[in-house]
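full-length UniProt numbering numbers the first residue of the sequence shown as 1 and each following residue consecutively.
Just so you know, not all the hints are guaranteed correct.
Dumping the calculated DSBU-like pairs for lysine-lysine here, alpha-carbon to alpha-carbon at most 30 Å [said to hold, decoys possible]:
1) K195 - K213
2) K213 - K139
3) K139 - K181
4) K165 - K195
5) K213 - K181
6) K165 - K178
7) K164 - K190
8) K222 - K190
9) K178 - K195
10) K117 - K213
11) K165 - K139
12) K181 - K164
13) K117 - K154
14) K164 - K154
15) K154 - K165
16) K164 - K139
Hint data in this document are derived by calculation from the structure and do not stem from the laboratory.
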Amino acid sequence: MAGGWNPLTGRDSAGGCPPFAPYGAPVPSPGQPYVHHGGGGPGYTYGNPVGQGPPGGFYTQQSFSYQPNGAGNVLPRQPQPWPVIDPTMPAAQMTNSSGGMGCEPGYNYFFPSEHTKAHVFRSNVPPWQLPSTAQLPFKAAHIPCNTTFADLLKGFGCSNPVAKKNRVVEIISGGGGKWYKGLEVSGGDKEGLKKTIGEVGWDSTRTGLDGQKPVVCLWFCKD
1 MAGGWNPLTG RDSAGGCPPF APYGAPVPSP GQPYVHHGGG GPGYTYGNPV
51 GQGPPGGFYT QQSFSYQPNG AGNVLPRQPQ PWPVIDPTMP AAQMTNSSGG
101 MGCEPGYNYF FPSEHTKAHV FRSNVPPWQL PSTAQLPFKA AHIPCNTTFA
151 DLLKGFGCSN PVAKKNRVVE IISGGGGKWY KGLEVSGGDK EGLKKTIGEV
201 GWDSTRTGLD GQKPVVCLWF CKD
């Protein structure tokens, strides 16, 4: 229109069309009528709200697909690489019924209610025969207190066919890097193998915290 005014889009700010024309937002001007319009977006003239469609039906799955990794499972377990097993502690891995490691898909593990804390030292030489300056590598583990000594030896790789060569020794810290030999149980001790570690004091009280009993320190041997 004359003077650059349009009743739909307002006054032109430049020589060309205003932004979003012809469906843009009108530019209100003082003293000028404002004409609301619809167009490409929601507004007062946009139409009624779209009704919600009915919910879809629920189709019950086949009963066998509810079994962990059973036939028909929409999320089957894919082949996994072989786990890296430490021969000095095979008990760190659990072999399941499918031949794999760890809990099978859909299964949880039932933990024993009581564990002891143990530091298992690795050395070809008995720690009590080493100088105080020796540095001993070790691994830390939580061990169920109801573990028998037979399972303990097996779980830490003591698998020598000559049973009496499989041994576990509790070592006692003398301070300053010195160790002393404590309780020893061998594979040849049939009565000792039946005992649990909790029966000999390796229980949940061995926390290593201030004012409490020290952590159980062990050394295993199968030679």
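Hints and how they fare:
no.: 1; hint: K195 - K213; verdict: holds, 21 Å
no.: 2; hint: K213 - K139; verdict: holds, 19 Å
no.: 3; hint: K139 - K181; verdict: holds, 19 Å
no.: 4; hint: K165 - K195; verdict: holds, 18 Å
no.: 5; hint: K213 - K181; verdict: holds, 18 Å
no.: 6; hint: K165 - K178; verdict: holds, 25 Å
no.: 7; hint: K164 - K190; verdict: holds, 10 Å
no.: 8; hint: K222 - K190; verdict: holds, 16 Å
no.: 9; hint: K178 - K195; verdict: holds, 29 Å
no.: 10; hint: K117 - K213; verdict: holds, 11 Å
no.: 11; hint: K165 - K139; verdict: holds, 22 Å
no.: 12; hint: K181 - K164; verdict: holds, 18 Å
no.: 13; hint: K117 - K154; verdict: holds, 18 Å
no.: 14; hint: K164 - K154; verdict: holds, 13 Å
no.: 15; hint: K154 - K165; verdict: holds, 12 Å
no.: 16; hint: K164 - K139; verdict: holds, 24 Å
When each numbered hint is compared with the structure, no violation occurs for any of them.
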